[in-house]
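Visitor: Sequence:
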Amino acid sequence: MASLIPNFTPAQIAAYTSAQIAALTTEDWAAFSAAQISALTLTQVPAISTAGLRVLTASQIAAFDAVDVAQFTTSQVRALATQQVQALTSEQFGAMTAPQFQAMTTAQIRAIDSSDFSVMSTTGIAALSTAQIAALASAQLAGMEANQVAVLSTAAIRALAPSQLAALSTEDLAAMGSEQFRALTTGQLRSLTTAQIGAIESDDLAALGTSGIAALTSAQLGALSAAQFQGLTAGQVAALTTAQVAQMGTAQVAALESADIA
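Using our numbering, the first residue of the sequence shown is number 205, and each one after it goes up by one.
Do not rely on the hints blindly, as some may be mistaken.
To be verified - Beta-carbon label-pair distances, calculated as ranges: (1) Asn-211 to Ala-346: 45 to 51 angstroms; (2) Thr-389 to Thr-326: 21 to 27 angstroms; (3) Thr-390 to Leu-246: 46 to 52 angstroms; (4) Arg-282 to Gly-391: 29 to 35 angstroms; (5) Thr-397 to Ala-219: 55 to 61 angstroms; (6) Arg-282 to Glu-383: 28 to 34 angstroms; (7) Gly-298 to Gln-434: 37 to 43 angstroms.
Hints are computed from structural coordinates only; laboratory data are not their basis.
Note that the Cβ used here is the ideal one computed from N, Cα and C, for glycine as well.
Throw the hints in and build the complete structure from the sequences for me.
Guide: Rendered as structure tokens:
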């Protein structure tokens with residue numbers, strides 16, 4: 205059969221039943237052209253065997269329409285080799301569903317080009333497990349949009365290593381919610397750059413609580429704006445250490461409320 209595959213037109217391939225697609229061997233799939241792959245219908249794609257999917261080359265994988273890739277079963281997605289994952293286009297990643305992203309192994313997740321992270325749906329990003337998030341390279345996190353970072357679960361935020369947190373832009377930090385900041389550990393807070401600290405919203409700073417504020421380094425505390433300082437609770441101000449107070453600027457001191465001074 206494999207020797208005959210090149211003789212079939214794309215229209216003839218599209219006429220195959222799901223049962224016929226499922227019966228194709230790995231040798232048959234290796235003989236498919238990009239045009240024939242592109243002709244597969246939405247009902248045929250899920251019928252491709254995982255073994256058949258594994259033998260496809262990068263160019264064959266890239267030939268799938270984005271809507272076709274969205275029809276892959278979770279088993280098919282998990283069967284993709286890392287080089288096949290790397291061959292997927294931005295349009296294909298943009299069409300993938302949350303269950304498909306959830307099914308990917310950590311090796312597959314790490315194989316995604318950093319430029320493709322910006323096109324992943326927010327539901328797909330939110331569906332990533334803590335293990336998948338922990339496996340991300342710093343460049344991949346840097347490739348995320350602020351609205352994607354905003355949907356990361358608190359467990360996912362807590363799973364980020366200091367080097368991963370450092371890859372987040374100030375826009376990413378500004379987009380994070382209070383619950384996400386509340387999930388940060390002392391070590392994670394201390395790993396934030398002064399620029400990142402300066403981008404945190406006042407409400408989010410309040411969410412850090414007394415232990416979070418007390419954990420900031422003197423340099424981090426010195427990076428807070430007067431507006432941010434004004435948003436601190438009386439309890440947080442009371443929790444400041446002597447070293448932190450010594451780093452306060454005149455604008456920060458002027459921003460303190462009467463209750464804070466007391």
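Visitor: Next, verify each hint and record whether it holds.
Guide: Structure-based check of all given hints:
Separated by about 48 angstroms at the C-beta atoms, Asn-211 and Ala-346 satisfy the suggested range of 45 to 51 angstroms. The hinted range of 21 to 27 angstroms is satisfied by Thr-389 and Thr-326, whose Cβ atoms lie roughly 25 angstroms apart. The hint said 46 to 52 angstroms for the Cβ distance between Thr-390 and Leu-246, and at roughly 50 angstroms that hint holds. Checking the proposed 29 to 35 angstroms range against Arg-282 and Gly-391 shows it holds: the Cβ atoms sit about 33 angstroms from each other.
Here the CB-CB span from Thr-397 to Ala-219 is close to 59 angstroms, well matched to the stated 55 to 61 angstroms. Separated by about 31 angstroms at the C-beta atoms, Arg-282 and Glu-383 satisfy the suggested range of 28 to 34 angstroms. The hinted window of 37 to 43 angstroms between Gly-298 and Gln-434 holds, with their beta carbons roughly 41 angstroms apart.
Of the numbered hints given earlier, the model fails none.
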